[in-house]
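Starting from the structure of chain A, add chains B, C and D where the hints point.
So the protein lines, in turn, are chains A, B, C and D.
Using our numbering, you'd call the opening residue of the first sequence number 1 and step up by one each time.
Using our numbering, you'd call the opening residue of the second sequence number 1 and step up by one each time.
Using our numbering, you'd call the opening residue of the third sequence number 1 and step up by one each time.
Using our numbering, you'd call the opening residue of the fourth sequence number 1 and step up by one each time.
There's no promise every hint is true.
Residues from chain C shown here face chain A by an in silico Cβ test under 8 Å; the list is partial [said to hold, decoys possible]:
#1 Ser149
#2 Gly290
#3 Gln291
#4 His293
#5 Pro298
#6 Ser311
#7 Thr325
Pairwise CB distance ranges (calculated) [as the list claims (entries may be wrong)]:
#8 D/Ser57 to C/Glu281: 46 to 54 Å
#9 D/Glu281 to B/Asp85: 40 to 48 Å
#10 D/Pro158 to B/Leu161: 53 to 61 Å
#11 C/Ala56 to D/Ser57: 50 to 58 Å
#12 B/Asp85 to C/Arg98: 39 to 47 Å
These aren't lab readings, by the way, just hints derived from the structure by calculation.
For glycine and all other residues, C-beta sits at the position ideal for the given N, C-alpha and C.
Protein chains: 4
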Amino acid sequence: MQDTDRSPGTSPRVGVWLVGARGSVATTVVAGTAAIAADLASPTGCVTESPVFRGASLPALADLVFGGHDIVDVPLPARAGLLADAGVLPARVAAAVRPALEAADREIRDGSPREGEPQYTTARRLAADITDFRTRHGLEQVVVVNVSSTEALPDPDPAFLDLADLDKALATSTTLLPPSSLYAYAAFHAGCAYVNFTPSAGAALPALEELSRLRGVPHAGRDGKTGETLVKSALAPMFAQRALRVRSWSGTNLLGGGDGATLADPAAARSKTESKQRSLEETVGHAVEGQVHIDNVPEMGEWKTAWDHISFEGFLGVRMSLQFTWQGCDSALAAPLILDLVRLAALAHRRGESGALPALGFFFKDPVASTEHNLTLQYGDLVAWAGAGERTRLPEGAR
Amino acid sequence: MQDTDRSPGTSPRVGVWLVGARGSVATTVVAGTAAIAADLASPTGCVTESPVFRGASLPALADLVFGGHDIVDVPLPARAGLLADAGVLPARVAAAVRPALEAADREIRDGSPREGEPQYTTARRLAADITDFRTRHGLEQVVVVNVSSTEALPDPDPAFLDLADLDKALATSTTLLPPSSLYAYAAFHAGCAYVNFTPSAGAALPALEELSRLRGVPHAGRDGKTGETLVKSALAPMFAQRALRVRSWSGTNLLGGGDGATLADPAAARSKTESKQRSLEETVGHAVEGQVHIDNVPEMGEWKTAWDHISFEGFLGVRMSLQFTWQGCDSALAAPLILDLVRLAALAHRRGESGALPALGFFFKDPVASTEHNLTLQYGDLVAWAGAGERTRLPEGAR
Amino acid sequence: MQDTDRSPGTSPRVGVWLVGARGSVATTVVAGTAAIAADLASPTGCVTESPVFRGASLPALADLVFGGHDIVDVPLPARAGLLADAGVLPARVAAAVRPALEAADREIRDGSPREGEPQYTTARRLAADITDFRTRHGLEQVVVVNVSSTEALPDPDPAFLDLADLDKALATSTTLLPPSSLYAYAAFHAGCAYVNFTPSAGAALPALEELSRLRGVPHAGRDGKTGETLVKSALAPMFAQRALRVRSWSGTNLLGGGDGATLADPAAARSKTESKQRSLEETVGHAVEGQVHIDNVPEMGEWKTAWDHISFEGFLGVRMSLQFTWQGCDSALAAPLILDLVRLAALAHRRGESGALPALGFFFKDPVASTEHNLTLQYGDLVAWAGAGERTRLPEGAR
Amino acid sequence: MQDTDRSPGTSPRVGVWLVGARGSVATTVVAGTAAIAADLASPTGCVTESPVFRGASLPALADLVFGGHDIVDVPLPARAGLLADAGVLPARVAAAVRPALEAADREIRDGSPREGEPQYTTARRLAADITDFRTRHGLEQVVVVNVSSTEALPDPDPAFLDLADLDKALATSTTLLPPSSLYAYAAFHAGCAYVNFTPSAGAALPALEELSRLRGVPHAGRDGKTGETLVKSALAPMFAQRALRVRSWSGTNLLGGGDGATLADPAAARSKTESKQRSLEETVGHAVEGQVHIDNVPEMGEWKTAWDHISFEGFLGVRMSLQFTWQGCDSALAAPLILDLVRLAALAHRRGESGALPALGFFFKDPVASTEHNLTLQYGDLVAWAGAGERTRLPEGAR
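In isolation and in its complexed conformation, chain A is listed as follows (with noise of 0.2 Å):
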């Protein structure tokens, strides 16, 4: 552990509440967090464990204790041998983290619904599962993480937009909101905070928005960013900063494992796309020409690959391209982020912050509250934010 002056046992343990708790990069995270912990692996891809983070209030790693919600019965341990056998845990870790499995596991409740029961009601049920378990361990806090399957996108619906509508259509609807918002839901009124790190609506509605800041806890979303658009955030300020005209950007992207599978149903994956060219669009200024595809490629397990083509035109008329490829592992690039949100949505709990936190929009594609896209302005934001420096900006008119 490099995080050697934040000793467990003395500080106040944090609880990370997973839905989607049995997934791989649930999985990943609780097996991850134990190999950390027991020097069998660094913390390599936690941005709150650079050295610039030092300074600022976060829970140690070795202090986060895991439970969460999942709809499947495969025990942690068996789906983390089928994360070693895809290459993305080393066999070794696997089983050296195993009785930290166990116990994760162990701290998993039935999320699935209950026929006919109205979504007010399921949502007292999972906040009850959650303070539950802060209550058992003793938590300071819990912070609620989305990594669940994503889900088409909800119709528009009035009772979105306040709060005490909200509540009186859940008292009797048992379809209204998706799962992840029903999540959002149970997880401030438990006093959560909330992270979603899918595509998914999760808190962002204003009902939730105003339920959050009622109940005084923060939330961050959403749509981790960890491949293409990541990319995409550090590359697309330079053509604007540079002058240089985006004529095309295109991309295809393929994509095995669950992800893969949802996102082929086209509902699902336009929400995604959209919120994909949207921000490019924001950085340079103009519309661009070009299509995002997301495949599903069942083969592929684990592992993604992004293909993005960029048609650029330069000083009189030139016309110029840039191509890129990102091969990844989705599990392990998602992983050490959620650690970080945990961290820093459990720094702002504390510090008494509410509602949507605009400044951890350094990990989303489609961040809350805020339009800045460009990565390394996202990242001044987050640095400032969490208390180890002051703002970065670029001057005013400046990209």
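Positioned in the frame of chain A, the structure of chains B, C and D alone reads:
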């Protein structure tokens, strides 16, 4: 012209003295400036034409007057024809700007060395050519820009460290300074700002820094960032900010044209490849495996292609990769930056700044007096320095 | 002209009747043939100009005479100007071949459908245009080539299966046959060979095969292999021969120009993408995951870029990958193959061959009457058929 | 085992003597053969397991017995552990085949040179190790396979041209032959077939060809075609067949592991890169610009990545390009080919063939006694030679 509030005729004109005035880059600079003035082209790729620079007191493009030195005698209009055949200049543009090319061609002087002439004498001769140009055209100032072929770096010499020693040595030596440095010496003596767009030594010798301060003139350099390194400076910070460990970064550059041939000379290439790897390691904070190749592929002509392969490590040691391919036209990438640098150096000169200009690091692979390589931060520094806002910073400790 | 032993004037001339005569491909065909004849260009990309075809009795390029149908009225010289701007035709070539373009343009007839006209009547009218062209120019024969925009495939109809039924149906129907097939019907009635360079139905209906045999004329098609599929047909056999298991093959095609717009229509695209995946599976011998996308990116104009990602498995299940990016100019790739196909179809006609020509599969993505997709074997079949040697074979059982 | 009709025990067993027996490739060969025999893996990548080879009288994989020479003493099971960590061998396979690895390890003899020993004496000692192995195991024959590190090519020597001169020189010289050639000399003296999978000289010296014919043993080589050149030999014929002119072909190979380190030695690399460019020019029929780089990137371990950029010219001189990236695991690509070569060399030996085997060119970058580089034609030659059909040919004059 977007630049309507800087009408030619009323504002002081600025000379641009191109060393290598008959090369592809210089030809594209002259032709492009005329094309923009005649509304035949938009100033795409000119950073200083972006709205954020509106407030800076930059000379108008239409107020630039061109001249220079070269050792070849292919006239500019003929060179422009070759560029039209290569797809760099639209044929109709090349035809339309012929008068401007002819005018600039008449201001090109022979820069060939004379057998046995001491370099001090040569420098005086070169400086006289420049001052004559300034006088005849009634120019407020002249900016000397090195766009000639890349030289091998000189072996270290004690005379490079002290101006008095250098002056003394030049009185007799015929070879001490490489041409790029001799032109800097001449420019400073002529009271001109100097920009080195090549990886050659140029003004990057302590004795020349001393001279520029003595004469009260600024300089900027070196090695224009127009391709692989530009992308690198946008991408490398991403890995550092995300705490992903770069294991290796390998690159291959395929270049045609004069630059390809020059850099096939291992001594010249070495200076270029070393500078590329150094800036990467400064960004990610540790040594990185990998080599950079520069291949001379004559058939590629004005075009260059760079392929980079980055292998990096994420959570739990999982290895992932990013590749990119950049396909660009060297002259079209360089020419608008030359215009930017001339305008910005002229601004610095007007303001009375002297010596190296670190705020212009945005344009260079190996910026003088700066180790900042994050493109967004360089951009913020530039905008702030140009007077359009305050400086961009990352909080202390953040890269 | 490399083709000195086939002097114009002494040998019979052959007509080329282009359906889509004012499109980019047709314009490039006419301009290129004239440029080669005038020694302004070499016949690069013309397979039948290779030494191995010297012995075949092919019409000389200089003996080809051009005409055709189209529904637009942009004259060929104007179209050539656009191609020059796009970098497909050198500007000096476009100017030099203007007389040839004008001559061909005078031979273009209106191919627009007439309100309420039965298709049988339309076909007679189209055939009359062709025979008039043949008669006026004293041509030995005319080859009709479809280079018009891709159509959606027609729904199956019993009249497609039998010539008598088809004749009967056309007497009254105004919409039964798609245009590509109606032109094939007209061509056969006019006693002409027919080549379908597009993925449209063309002559690939049993009733049309029957007609071509009845009239003693040959036909070839379909869907010219000029990019991604060309590379695929060179690469896919490698995996089969090396016993490497292809797990997925995914492709994205970025197209501008007319073809991009047409194929953005999902119905048209489907016929193209299905044919691409089918030929792959025929080569490797098993089902393969992956999708093929065809994106319309108008700004790419005449250029197309294809990226393919192949994931394969080797010894002990180790997963590896191959990616390729093809960047080509559609018209420059298609035009020389059109000339090849005209010459080869003329040869077949001279020899008295009728019906589908499987030996021309080398040129097509979806070859009629052939399931061979290995490019080298297709090449051997072609050369042997053309009379320059005996047939290439793999030993029985080898792919 | 797919190979059910060649049951072990009833058929004569064949020895495989690996020079470099403790390297990655050799370890993968031994482990893989055992894994296939135990039905833990399928023989993916073994060309001779394809149905077309069913009729050839090849030794069964289960009848192979392994031994060899090496100069390092890391035992095979330990080496297999490293390969499991690197993702080349599944961990469960490495564990299951431990007995087979231990058995092979007991048959490895020290191949270190002895101070001052004449090479003739060394060769006798090495040959005695091999014949002892053959005798003790009652093997029908032994195939010696060179999979050791790449050597620098020897300077020419008159003794390489004539066997009598070579014999005489070896009686006293301690350094005349490079190790790969000394092993070939020893193999032939022991009456064994010899396969050179490396770019080292091996049996490619006239005096050794003479010896192999004298002893009636066959040999094959050199330089296994497992990556960039494999793809090249599938792609380069496409350009020739389509009459597209290859302007430049540039390649960069990033290698880790032992091979990377060896080839970083410029002398060793030169032999490899020259052979790569030569075979390309033989295929396309003219000189081609471009360089091939082989970079040692130790962190890549067992993996290699090759990027190739091909610039070509089509109709009317239009320039287009193709790029590919190959990402492979060296040992997994080489091991099944070693098994193929052993079986095919054994077949040749049984048939009484001696000297170089050109029909095995399919497997090699620089095939002995053959200039055919078209992969499909090489495949046809191989299948025909193996007795499964008649020879594949292109008509005369066709490439």
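So which hints don't hold here, by number, going up? 1, 8, 9, 11 and 12
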